[in-house]
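Peer 1: Under the numbering used here, think of the first position of the sequence shown as -5, with each following residue one higher.
Derived by calculation from the structure, the hints in this document are not laboratory data.
One or more of the hints may lead you astray.
[To be verified] No more than 30 Å apart at the CA atoms, straight line, and that leaves these computed lysine-lysine pairs for DSS-like:
| hint | residue 1 | residue 2 |
| --- | --- | --- |
| 1 | Lys72 | Lys26 |
| 2 | Lys156 | Lys172 |
| 3 | Lys156 | Lys139 |
| 4 | Lys8 | Lys72 |
| 5 | Lys164 | Lys154 |
| 6 | Lys154 | Lys172 |
| 7 | Lys72 | Lys17 |
| 8 | Lys156 | Lys175 |
| 9 | Lys8 | Lys65 |
| 10 | Lys8 | Lys21 |
| 11 | Lys164 | Lys139 |
| 12 | Lys72 | Lys139 |
| 13 | Lys164 | Lys175 |
| 14 | Lys139 | Lys154 |
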Amino acid sequence: MATKELYDRFVKDKNVVTDMLEKLESKTGIAKEYIAIGLASVLVLYLVFGYGASLLCNLIGFTYPAYFSIKAIESRNKEDDTQWLTYWVVYGLFSVAEFFSDIFLFWFPFYYAGKCVFLVWCMAPVSWNGSQIIYTRLVRPFFLKHEATMDSMVHDLTGKAKDTAESITKEAVNFALKHEKSQ
-5 MATKELYDRF
5 VKDKNVVTDM
15 LEKLESKTGI
25 AKEYIAIGLA
35 SVLVLYLVFG
45 YGASLLCNLI
55 GFTYPAYFSI
65 KAIESRNKED
75 DTQWLTYWVV
85 YGLFSVAEFF
95 SDIFLFWFPF
105 YYAGKCVFLV
115 WCMAPVSWNG
125 SQIIYTRLVR
135 PFFLKHEATM
145 DSMVHDLTGK
155 AKDTAESITK
165 EAVNFALKHE
175 KSQ
């Protein structure tokens, strides 16, 4: 789908955003296309120069996908479930990588604007969105190559976590019983 078609779908199709733009258009007399361009420009400028750009970028990367993930869970269609699970896998990997590199990256002037563009690309409702490309070209091949090793590690960690939880529970029960007897 071409950029012009996406723009037309976003601004001209009937949805919550177009309803809000139409209300603003009727109150101000300014065409809704110009209002949309103005709001997008303010958003981009804020991501470049604004305080709290990290929060805004994370909200953009979370809110829309979370909403459509809930809708996917409630639908009977499996394809939308796979689409949003793929997004969340890529988003999680990106968040972990960002955690370790954020101390360097946030010094770059357009980092949050670039991050926001990346997240929007990953959630875009097109077949060539970022999460599909990153998953099929990087994540899936890596996972398939190392699946047996990861399964073994998860099994070992699960067993150790279960043993630790049981040990802590026994210690807590013994402590509580000793404390009760001493009173």
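Peer 1: For each hint, tell me whether it holds in the structure or not.
Peer 2: Results for each hint:
no., hint, verdict
1, Lys72 / Lys26, "35 Å, violated"
2, Lys156 / Lys172, "24 Å, holds"
3, Lys156 / Lys139, "28 Å, holds"
4, Lys8 / Lys72, "25 Å, holds"
5, Lys164 / Lys154, "15 Å, holds"
6, Lys154 / Lys172, "27 Å, holds"
7, Lys72 / Lys17, "36 Å, violated"
8, Lys156 / Lys175, "29 Å, holds"
9, Lys8 / Lys65, "18 Å, holds"
10, Lys8 / Lys21, "19 Å, holds"
11, Lys164 / Lys139, "40 Å, violated"
12, Lys72 / Lys139, "26 Å, holds"
13, Lys164 / Lys175, "16 Å, holds"
14, Lys139 / Lys154, "25 Å, holds"
Consistency with the previously given hints fails for numbers 1, 7 and 11, ordered from lowest to highest.
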